[in-house]
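Chain order of the listed sequences is H and S. For the first sequence, position 164 matches number 164 in the numbering used here, and the numbering has no gaps at all. For the second sequence, position 46 matches number 246 in the numbering used here, and the numbering has no gaps at all.
Any given hint could be a false lead.
Facing chain S, according to a computed beta carbon distance under 7 Å, are these residues of chain H, among others [as the list claims (entries may be wrong)]:
| id | residue |
| --- | --- |
| 1 | Arg32 |
| 2 | Pro49 |
| 3 | Ser80 |
| 4 | Gly93 |
| 5 | Ile186 |
The set of hints was computed from the structure by calculation and includes no laboratory data. Think of the CB as a built atom: it goes at the ideal place given N, C-alpha and C, for glycine as much as any other residue.
Spelled out from the first residue to the last, the chains are:
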Amino acid sequence: MDAFTTLKAVAVPIDQANVDTDQIIPARFLGRTRDRQVEGFFHDLRLDPNGRPREGVTLNNPAYKGAKIMVGNTNFACGSSRENAVTTMVDNGFRSFIAPSFGDIFFNNCFQNGCLPIRLPAERVARIRVILHELPGAEIAIDLAKQTVTGPDGKTDSFEVDPFRKEMLLKGADEVKITLGYESDIKRFEDKQKQEMPWL
Amino acid sequence: MTAPRTMFEKIWQRHVVVDRPDGYTLLYIDRHLMHDGSSPAYARLKARGMNLRRADRAAATPDHYVKTDHRSKDVPDPDHRRLLNDITKNCNEAGVTLFDLGDVRQGIIHVVGPEQGLSQPGLTLVCGDSHTSTHGALGALAFGIGSSEVTHVMATQCLWQRKPKSMRITVDGALHPHITGKDIILAIIAKIGAAGAVGHVMEYAGSAIRGLSMEGRLTLCNMSIEAGGRAGMVAPDDTTFQYLDGKPFAPKGANWDKAMAFWKTVPTEDGAAFDREVTLNAAEIAPMVTWGTSPEDALSISGRVPDPASAPDAGKQENMKRALEYMDLKPGTPMDGIAVDRVFIGSCTNSRIEDLRAAAAVAKGRKAKIPAWVVAGSGLVKQQAEAEGLDRIFREAGFDWREPGCSMCIGVNGDTGVLGQRIASTSNRNFIGRQGVGVRTHLVSPAMAAAAAVTGHFTDVRKLLGQDRG
């Protein structure tokens, strides 16, 4: 997994609440190999049924080209557990998401792909989205070690992140490898369970 | 004396392998369910040169990519064909129990797990699918995970988790006739919102929940994710034990007695504290219909399409406007009477035998005015329905009787609506484009879906059945 340390990049705002992972990548792209899922990225939000770019859609505005940060709204990326929602974001350049709250499964999936989901207060996130609309192409700076986000207005907020997840991201650690280091604990658990729950 | 504990707390504590000082827990996973979308996770496991740690704790069935008009794996799409063949190859190689196409036990994984007795009280259960919350109906801690975590479970039988918070939803009182688990969960989501339970494990309690059949509870827990919940659970009781008794993978003989002794210790203890409590009055729940593009956009069939002008803030107003535009609905329109183009009865939410019986009771002696599909949740459900003559009732009413799979709930197998169609669906998500590009989905119970099929518009099933059948 790629490490995540600091990121200073263009940020794109997505205003709607409850953006579901079906919007991030519609289900019909899921059966494909990863390299052919890239175009699924917000496909139906970006393009009309004839494949033409929809007017007035922020994601189609070239001023946000090269964005690596997405600033969403409440319950961002809720719904389906499809990890493709994270990988298609990664394959379209995104590494961090800022929102007041996230769908739990997407939130967990981010850490599996070297991405950092950041929860900030709803008012602050709303303010950042407004600025990003007013100044398309404006940047946000994130420092994971210091746990800070500096908005396009220069204001810095600190954010919470689980120490375990932080450490994994900073090192780009392999989670399976870490878990295998606990082999004796897992074995002990299994031996005990075999005695206690013989029907399993 | 230790403080009284919730069911979730007890199951969690029982599965802790390692508690790190930083608040992260390595949690043991008792049961891992797989489907035809799990192949990339298996490929990553093999790429590491690893095998499943506990193939004996896994079970699989193809459901997402299977066709519902035939049982062949020889589907036209090469990607889908590969996925359907991979699950067979992988399970054979790994020694995982597989209910494959052609096996009467094949079906939607969240129908098959409980049906086979794989889902049991007090277990931790995961699957690479968000509707894994379904299995909580048996008193298990069951939740959906992403593909990387699936690989992690295959490799280690464990998951790193931060302990979620707890939330109890109490529904007391008597339900009116024709009110189902589907109506209850839609009423709950309408009340607490699509993000209402984010970060929480939900326990459904109260007399109305205890009165639900196991199938009603499965429907209820299934849509916990639509409230944002990490998981949903119902305490195991006699309904649970009777349901499990005799199921193929349920314990037998002396093991049954040992399991029962444990299962009885699973429910929440009196006085246990939850981080949040929500209550609903069962008597106030009517047949529910969604009007928008989030499951929280649900109201009674006797309601009217809401007016964005009534929204509490500008953001919500904009969201409502956007939803109504997509759904092509005008504020103030009575829900009862909105014309429907198509009906889908199926999905891991509502494709079990009781769902089909409820729909058949409405279809019986009537004729569908619009295309209507019935997709049983498993081969065994289909077989049971046919033994009861439900297939005949549906066919005589002009409904399409199809083979088991996820079908039009997610549409990845090609079962989708067409642009602009309005569908009354017993599935779980009315998201934009969920059932096809530009398709408008309204979530309802099986009886309400059948009522829409035979009238061509949303209809209060209580009135329809009251009219001519007393």
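Against the structure, the hints come out as follows:
Residue-level restraint check for arginine 32 (chain H) holds (minimum Cβ-Cβ distance to chain S is 5 Å; threshold 7 Å). Interface hint at proline 49 (chain H): satisfied, since its Cβ lies 5 Å from the closest Cβ of chain S, which is below the 7 Å cut-off. The criterion of a C-beta within 7 Å of any C-beta in chain S is met by serine 80 (chain H), whose closest approach is roughly 5 Å, and the hint holds. For glycine 93 (chain H), the suggested interface contact is broken, since its CB lies about 20 Å from the closest CB of chain S, more than 7 Å.
With 7 Å as the threshold, the beta carbon of isoleucine 186 (chain H) comes within range of chain S, its nearest partner Cβ sitting at about 6 Å, so the hint holds.
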